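Colleague: Spelled out, the chains give:
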Amino acid sequence: MAKITYIEHSGKIHEIEVENGLSVMEGAVNNLVPGLDADCGGACACATCHCYVEPEWRAKTGEIGDMEETMLDFAEARQEGSRLSCQIKVSDELDGLVVKLPEAQF
Amino acid sequence: MTDAATSPNETYVIVGAGHAAGQLAASLRQEGFEGKIVLVGEEAQLPYQRPPLSKKYLSGEFGLERVYFKPPDFYDAAKVETRLATRVTRIDRDAKTLTLESGDTLGYNKLALTTGSRVRKLPILGADLAGTHYLRTVDDVDGMRSGFEPGKSLVIIGGGYIGLEVAAVATSHGLKVTVLEMESRVLKRVTSPELSGFFEEVHCTRGVEIKCKTAIAAFESGSDGKLAFAVTADGEKIPADIALLGVGILPNTELAAEAGLEAQNGVRVDEFCRTADPDIFAAGDCTDHPSALYDRRIRLESVHNALEQAKTAAAAMCGNLKAYDQVPWFWSDQYDLKLQIAGLSTGYDTVVQRGDPATNKFALFYLKDSVLIAVDAVNAAPEYMMGRRLIGDRAIIAPERLSDTSISMKEMV
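First to last, the sequence lines map onto chains A and B. Just so we're aligned, residue 1 is where the first sequence starts under our numbering, counting upward by one. Just so we're aligned, residue 1 is where the second sequence starts under our numbering, counting upward by one.
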């Protein structure tokens, strides 16, 4: 279980306890956090679950896979810390994680 | 948003409970509709995602709770009344009521048809034997899983996406898989000979036997009354512990047609998802809709279409007209290969290969009159993502540039 803070583009904050094994995307969608469309349901096929991981958490959220890397490369408004939230698996290690959501999903 | 959008005393009914239905309910609230929303679904489940059924749900990696479209709490939170395991048998457009199987009626001010599609059934002898399955619903997969054990023989009828995805999961799970395809190659209805050839080889290498130009004639039972053989039109008997019939889907148009709405290849709607009845809308697999991009009417079987048409329909129901005009996209996961498809390749005159299929990382671009109309990308996200954008722009790109991997996709504009 990890407490994850999702910050909408407007600044609205959602603090959510997410079960281990789920993805950061599922934690948001299951708790009605707006801003993540996740059209493909987590198959790394659509790049509509783009989020920004805060600097202090980038090491713990793991490596970016090849497919994710190239999908992100073509997502709108890529920045330092950009990730596809469906590819970040939740574990105790991520307790306290903070992610920001972009203005719009591609 | 117009005044009509709030309409607190009105009832909007959604018939169907798939991706389009779930999205439509959510989008009506986002559009500001404050009246009553009733979602009527024939299956016992809340809206769930179908793509994982032939992939991670079948393999057991995902349970039901991970395939729900929205969490169960959503419907209470958004004040969406759900009536599941409930079949609508008739629309009375004059009275603006629906008749349910129970005989009850349900009134509506506006109605959205998101009835989706159903599997095409094969009327052959033995298709109802224990051990034969179709794959469209959670119940279908639950029924199939019991026989899904290493060492068992699985015969798949139909080399389409469903058949090949199940072949991949089953082979990886240790089953012996045979695919029977009536046409000269797999995926013939949806893609080029080049991509069909690639996937045939991929499956053969992993031990799947693919028999093209082979029609199924019947299924035969053993002494226990359960499925034992698939019999081809040539009379070959292939041992089968389980069989999957994956020969396509048909749009559920009967409700609309019986109510006098035009519905040949889908419920006919305009670019705003409106039918000819000003109070009836439709979205998703069940619609026959115009495509400005391809300049013809199309029907799509895809998640993206279901989600986007649902948003368009919900907006139109609230008096907010936003035309639906998007580049269709699809995906398929088989083994460690991710196929991403943008656009529709129907009618292409030129195919351009970029990258080497032997590396399991390549793309096929389809051009018609020099214009890029579709791309099939295997483990090739840049080609897919950029391709999707270029297709929407109706881009003209020289084949020799597209195939030149020393030019990055970003430079293709």
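These are calculated hints, taken from the structure and not from any lab test. Be aware that a few hints might be false.
Calculated pairs, DSSO-like style, for lysine-lysine (alpha carbon to alpha carbon, straight line, at most 30 Å) [unchecked claim]:
(1) A:3 x B:70
(2) A:89 x B:36
(3) B:237 x B:226
(4) A:12 x B:70
(5) A:60 x B:55
(6) B:70 x A:89
(7) B:322 x B:361
(8) A:12 x B:226
(9) A:3 x B:56
(10) B:237 x A:100
(11) A:89 x B:361
(12) B:176 x A:60
(13) B:410 x A:100
(14) A:12 x B:36
(15) B:322 x A:12
Label-pair ranges, simulated between beta-carbon atoms [unchecked claim]:
(16) A:13 x B:35: 45 to 55 Å
(17) B:45 x A:32: 44 to 54 Å
(18) B:145 x A:93: 26 to 36 Å
(19) A:77 x B:35: 31 to 41 Å
(20) B:204 x A:20: 36 to 46 Å
None of the values given here were measured: they were computed from a predicted structure. We put the beta carbon where it would ideally sit given N, CA and C, even for glycine.
Colleague: For every hint, state whether the structure bears it out.
Modeller: Hints, verified against the model:
1. A:3 x B:70: With Cα atoms ~20 Å apart, residue 3 (chain A) and residue 70 (chain B) stay inside 30 Å; holds.
2. A:89 x B:36: With Cα atoms ~37 Å apart, residue 89 (chain A) and residue 36 (chain B) exceed 30 Å; violated.
3. B:237 x B:226: Measuring from Cα to Cα gives roughly 15 Å; hence the hint holds.
4. A:12 x B:70: holds, 21 Å
5. A:60 x B:55: holds, 29 Å
6. B:70 x A:89: holds, 19 Å
7. B:322 x B:361: At roughly 37 Å apart (the allowed maximum being 30 Å), residue 361 (chain B) and residue 322 (chain B) break the hint.
8. A:12 x B:226: The given pair, whose Cα atoms are some 58 Å apart, is violated under the 30 Å limit.
9. A:3 x B:56: With a Cα-Cα distance of about 26 Å, the restraint between residue 3 (chain A) and residue 56 (chain B) holds, given a limit of 30 Å.
10. B:237 x A:100: Roughly 58 Å between the alpha carbons, so the hint for residue 237 (chain B) and residue 100 (chain A) is violated.
11. A:89 x B:361: Holds, at about 25 Å.
12. B:176 x A:60: Not OK: residue 176 (chain B) and residue 60 (chain A) at ~41 Å, beyond 30 Å, violated.
13. B:410 x A:100: holds, 26 Å
14. A:12 x B:36: This hinted pair holds, its Cα atoms lying about 28 Å apart.
15. B:322 x A:12: holds, 28 Å
16. A:13 x B:35: 45 to 55 Å: violated, 31 Å
17. B:45 x A:32: 44 to 54 Å: violated, 19 Å
18. B:145 x A:93: 26 to 36 Å: Given about 33 Å between the Cβ atoms, the range holds.
19. A:77 x B:35: 31 to 41 Å: Given about 36 Å between the Cβ atoms, the range holds.
20. B:204 x A:20: 36 to 46 Å: The hint (36 to 46 Å, Cβ to Cβ) holds, given that residue 204 (chain B) and residue 20 (chain A) are roughly 39 Å apart.
The structure shown violates the earlier hints numbered 2, 7, 8, 10, 12, 16, 17.
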